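*Asks:* Read off the chains here:
There are 2 protein chains.
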Amino acid sequence: MSTADVGRTGPQAKAPLDGVVVLELGQIYCGPYCGFLLARLGAKVIKIEPPTGELTRHRTPPGVEPIALTLLNTNKSGVRLNLKTDEGKEVLRSLAERADVIIENYAPGVMDRLGVGYETLKAVNPRLIYASATGFGQSGPYSQLGAMDLTVQAMTGVMASNGFPDTPPVKAGVAVADFAGGTHLALAVVAALYQRDLTGEGQRADVSMQDALLPYLTSNISGYLTNGESHPQRTGNQHGSLSVSPYNVYPTSNGFVAILCAADRHWQRLCDVMGRPDLGADPSLAAMTSRAARSAEVDELVCAWTIELPRATVVTQLMEAGIPVAPVLTVPEVLEDKHLIEREMIQTMEHPTLGPIRAFGSPVQFSASRPVPPTPSPLLGEHSGEVLREVLGFDDSQIEQLRTNGVI
Amino acid sequence: MSTADVGRTGPQAKAPLDGVVVLELGQIYCGPYCGFLLARLGAKVIKIEPPTGELTRHRTPPGVEPIALTLLNTNKSGVRLNLKTDEGKEVLRSLAERADVIIENYAPGVMDRLGVGYETLKAVNPRLIYASATGFGQSGPYSQLGAMDLTVQAMTGVMASNGFPDTPPVKAGVAVADFAGGTHLALAVVAALYQRDLTGEGQRADVSMQDALLPYLTSNISGYLTNGESHPQRTGNQHGSLSVSPYNVYPTSNGFVAILCAADRHWQRLCDVMGRPDLGADPSLAAMTSRAARSAEVDELVCAWTIELPRATVVTQLMEAGIPVAPVLTVPEVLEDKHLIEREMIQTMEHPTLGPIRAFGSPVQFSASRPVPPTPSPLLGEHSGEVLREVLGFDDSQIEQLRTNGVI
Numbered sequence: 001m002s003t004a005d006v007g008r009t010g011p012q013a014k015a016p017l018d019g020v021v022v023l024e025l026g027q028i029y030c031g032p033y034c035g036f037l038l039a040r041l042g043a044k045v046i047k048i049e050p051p052t053g054e055l056t057r058h059r060t061p062p063g064v065e066p067i068a069l070t071l072l073n074t075n076k077s078g079v080r081l082n083l084k085t086d087e088g089k090e091v092l093r094s095l096a097e098r099a100d101v102i103i104e105n106y107a108p109g110v111m112d113r114l115g116v117g118y119e120t121l122k123a124v125n126p127r128l129i130y131a132s133a134t135g136f137g138q139s140g141p142y143s144q145l146g147a148m149d150l151t152v153q154a155m156t157g158v159m160a161s162n163g164f165p166d167t168p169p170v171k172a173g174v175a176v177a178d179f180a181g182g183t184h185l186a187l188a189v190v191a192a193l194y195q196r197d198l199t200g201e202g203q204r205a206d207v208s209m210q211d212a213l214l215p216y217l218t219s220n221i222s223g224y225l226t227n228g229e230s231h232p233q234r235t236g237n238q239h240g241s242l243s244v245s246p247y248n249v250y251p252t253s254n255g256f257v258a259i260l261c262a263a264d265r266h267w268q269r270l271c272d273v274m275g276r277p278d279l280g281a282d283p284s285l286a287a288m289t290s291r292a293a294r295s296a297e298v299d300e301l302v303c304a305w306t307i308e309l310p311r312a313t314v315v316t317q318l319m320e321a322g323i324p325v326a327p328v329l330t331v332p333e334v335l336e337d338k339h340l341i342e343r344e345m346i347q348t349m350e351h352p353t354l355g356p357i358r359a360f361g362s363p364v365q366f367s368a369s370r371p372v373p374p375t376p377s378p379l380l381g382e383h384s385g386e387v388l389r390e391v392l393g394f395d396d397s398q399i400e401q402l403r404t405n406g407v408i
Numbered sequence: 001m002s003t004a005d006v007g008r009t010g011p012q013a014k015a016p017l018d019g020v021v022v023l024e025l026g027q028i029y030c031g032p033y034c035g036f037l038l039a040r041l042g043a044k045v046i047k048i049e050p051p052t053g054e055l056t057r058h059r060t061p062p063g064v065e066p067i068a069l070t071l072l073n074t075n076k077s078g079v080r081l082n083l084k085t086d087e088g089k090e091v092l093r094s095l096a097e098r099a100d101v102i103i104e105n106y107a108p109g110v111m112d113r114l115g116v117g118y119e120t121l122k123a124v125n126p127r128l129i130y131a132s133a134t135g136f137g138q139s140g141p142y143s144q145l146g147a148m149d150l151t152v153q154a155m156t157g158v159m160a161s162n163g164f165p166d167t168p169p170v171k172a173g174v175a176v177a178d179f180a181g182g183t184h185l186a187l188a189v190v191a192a193l194y195q196r197d198l199t200g201e202g203q204r205a206d207v208s209m210q211d212a213l214l215p216y217l218t219s220n221i222s223g224y225l226t227n228g229e230s231h232p233q234r235t236g237n238q239h240g241s242l243s244v245s246p247y248n249v250y251p252t253s254n255g256f257v258a259i260l261c262a263a264d265r266h267w268q269r270l271c272d273v274m275g276r277p278d279l280g281a282d283p284s285l286a287a288m289t290s291r292a293a294r295s296a297e298v299d300e301l302v303c304a305w306t307i308e309l310p311r312a313t314v315v316t317q318l319m320e321a322g323i324p325v326a327p328v329l330t331v332p333e334v335l336e337d338k339h340l341i342e343r344e345m346i347q348t349m350e351h352p353t354l355g356p357i358r359a360f361g362s363p364v365q366f367s368a369s370r371p372v373p374p375t376p377s378p379l380l381g382e383h384s385g386e387v388l389r390e391v392l393g394f395d396d397s398q399i400e401q402l403r404t405n406g407v408i
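Chains as they are written, first to last, in the UniProt record's numbering: chain B, 1 to 408; chain F, 1 to 408.
Since the hints were made in silico from the structure, they are not lab data.
Because the structure is a prediction, the values reported are computed rather than measured.
Treat the hints loosely; a few may be bogus.
A pair counts as met if it fits within one copy or between any two copies, since identical chains are not told apart.
Okay, derived cross-link-like pairs now, DSBU-like style, lysine-lysine, Cα gap no bigger than 35 Å in a straight line [to be verified]:
{"hint": "1", "residue 1": "Lys14", "residue 2": "Lys84"}
{"hint": "2", "residue 1": "Lys122", "residue 2": "Lys89"}
{"hint": "3", "residue 1": "Lys122", "residue 2": "Lys338"}
{"hint": "4", "residue 1": "Lys14", "residue 2": "Lys89"}
{"hint": "5", "residue 1": "Lys84", "residue 2": "Lys122"}
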């Protein structure tokens with residue numbers, strides 16, 4: 001990469017963001033996932049980490065690359081930079097002068113205190129898109145509140161809506177706030193790039209993890225707004241409105257299956273497959289409303305069938321009958337899933353210190369370009385010298401001096 | 001809107017996607033949420049529904065607008081169009097000729113069977129971006145499998161990872177597969193628009209809800225890949241790696257709070273706030289690793305303090321002490337949250353048949369443009385005539401004929 005490569009490179013561009021240069025000051029999941037998406041869209045992403053590495057690195061002993069970091073930081077260059085030194089700030093400002101985008105998900109105020117906030121970098125490069133993700137956004141009474149996935153889930157209603165009615169609220173088992181935030185941040189960046197092609201100017205993009213997560217509760221919010229206080233907070237594996245039956249997760253002889261009868265014809269077919277034409281002929285169970293009113297009884301009938309069979313048998317028989325069904329796969333099973341592997345969403349690649357490891361493919365695919373294949377996540381500071389040389393034109397003695405001074 | 005307005009309108013553009021025309025053939029959550037995001041980014045979104053309306057409308061009696069539909073379909077025009085008629089197909093092809101983007105989340109193969117698949121519309125308008133979201137994407141062994149949020153959650157490992165260790169797997173209480181899919185689809189659309197500015201050509205974008213959801217499992221996948229089969233599938237409200245303590249949801253006298261001590265200093269402060277300097281002074285609990293090994297005991301100590309106090313008191317005291325904490329808010333509480341209201345993420349607006357209703361703001365905000373304010377979701381076919389008149393130049397008699405023929 002040279003200064004001349006910065007900006008868009010012309011009609012030979014292969015992936016949508018080919019030629020776009022992104023500085024990522026991301027940590028844990030939200031910022032790094034945004035960088036991951038932009039890199040897989042073709043952007044050149046330079047990940048800038050503090051001297052001890054971003055927080056994900058603190059979860060493993062020094063020198064051992066954390067798997068979570070390797071999964072979300074493919075296709076990035078890695079620069080180690082001490083922003084608490086004057087020289088470090090100056091290096092970041094010089095990089096920002098030549099970049100298109102900077103993304104960051106530090107706690108509120110951190111970037112300003114480091115002297116690399118929006119106003120500072122905008123003055124250096126008015127075309128820069130400066131995209132921040134925080135727990136609660138740049139405005140409003142909680143804007144200065146630190147946040148983690150757990151606390152954002154709690155304050156957005158996700159936790160209260162998750163789990164069984166008779167057990168306490170429980171966090172979603174996946175980091176919904178972090179990943180919803182990271183995806184919305186990537187959307188904001190690309191929208192601002194599109195606008196910049198017209199206006200010639202960069203701008204600040206503001207994503208709040210809480211805002212990004214709120215629409216995910218559409219079912220839960222509409223249930224409450226429609227039914228009022230009588231609406232159940234949590235419905236376990238039953239439909240949020242309790243108006244669909246069967247709709248549940250059922251045990252088999254070796255695992256669980258999710259089954260739903262979205263229409264009455266599915267129920268008729270299910271009864272046939274279960275070898276219970278008597279149930280299918282029972283007029284008192286023919287309509288969705290009557291089944292829903294007796295859902296505990298209906299679930300027992302379905303369970304009596306599923307529990308005697310292997311999971312794969314239940315799934316195959318119901319799929320063949322056109323009834324919505326899915327095996328409840330464990331994480332190890334997902335990693336071996338033939339579909340995800342054939343789509344290259346789960347790949348294996350060689351890592352310089354870990355050997356063969358898993359890598360994600362790109363969750364957005366395009367007809368006009370092949371997905372960008374994964375390259376290993378950078379070791380801490382792996383490309384510090386290379387980036388300073390190629391982007392900023394530093395010579396070896398300047399780079400050596402920065403190393404001596406503990407800047408890189 | 002006139003044909004002359006189609007495409008980008010020049011440097012006076014106010015929002016990032018000002019001037020972009022999107023046809024949305026969305027249903028339930030995934031497609032409509034993509035349309036919602038694009039509309040709030042400034043695009044003109046025309047929602048095209050079948051004669052009986054999209055599936056969300058089937059959840060309420062005719063004429064009663066479903067709340068879920070009103071939440072996700074703000075800022076759209078509504079066209080009713082029977083794509084099973086030759087005239088209906090022709091209308092869609094004419095609209096596609098003048099649009100920039102079409103988004104759809106029908107089951108695999110539906111658009112092709114209707115005669116409005118990618119190859120057909122591409123021939124009509126090579127600049128068109130054709131973006132599809134399906135459960136499992138356009139390729140691979142499951143590509144023809146119908147999917148709903150429940151089944152995608154089951155087959156991506158979300159369900160197996162969610163809930164308490166001693167209760168069965170449970171779906172995430174919010175529709176993670178639908179919303180992850182919709183957000184990634186919007187990202188794909190804007191990336192393809194950006195690329196089109198360079199190449200002049202549209203393309204197909206392919207988003208699989210399963211692919212979009214998989215990275216959300218980064219913690220769970222890395223836990224398993226690091227620790228092997230001994231890694232717990234579900235950890236309830238404890239940290240996925242069981243290496244952080246305290247980290248849980250605790251009962252108070254009137255609700256629950258989430259508390260985590262991300263660092264040893266948080267534990268010291270927590271002991272002070274709890275009035276238990278003896279615990280803070282106990283060297284056997286000073287280190288994270290030793291607390292994590294005795295997390296059940298630590299949780300009991302914290303719980304003994306929280307359960308005696310109102311939730312608000314616990315939250316205020318811990319926030320003042322700089323300890324990560326959050327109230328577990330219910331959906332009704334979230335809807336009254338002062339922060340979400342001040343950020344205009346939760347708004348109230350007037351709906352023509354429902355009166356005052358809630359509306360979401362935009363989860364992506366920009367410094368160079370004010371958020372697009374919400375306008376009510378369209379009634380079924382509310383703008384059919386208007387869109388045909390303004391976009392396609394149809395006259396009143398042509399429109400009347402289409403109505404008579406049951407096309408619109």
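*Asks:* Looking back at the numbered hints, which does the structure fail to meet, lowest number first?
*Replies:* Per hint list: single violation, 1.
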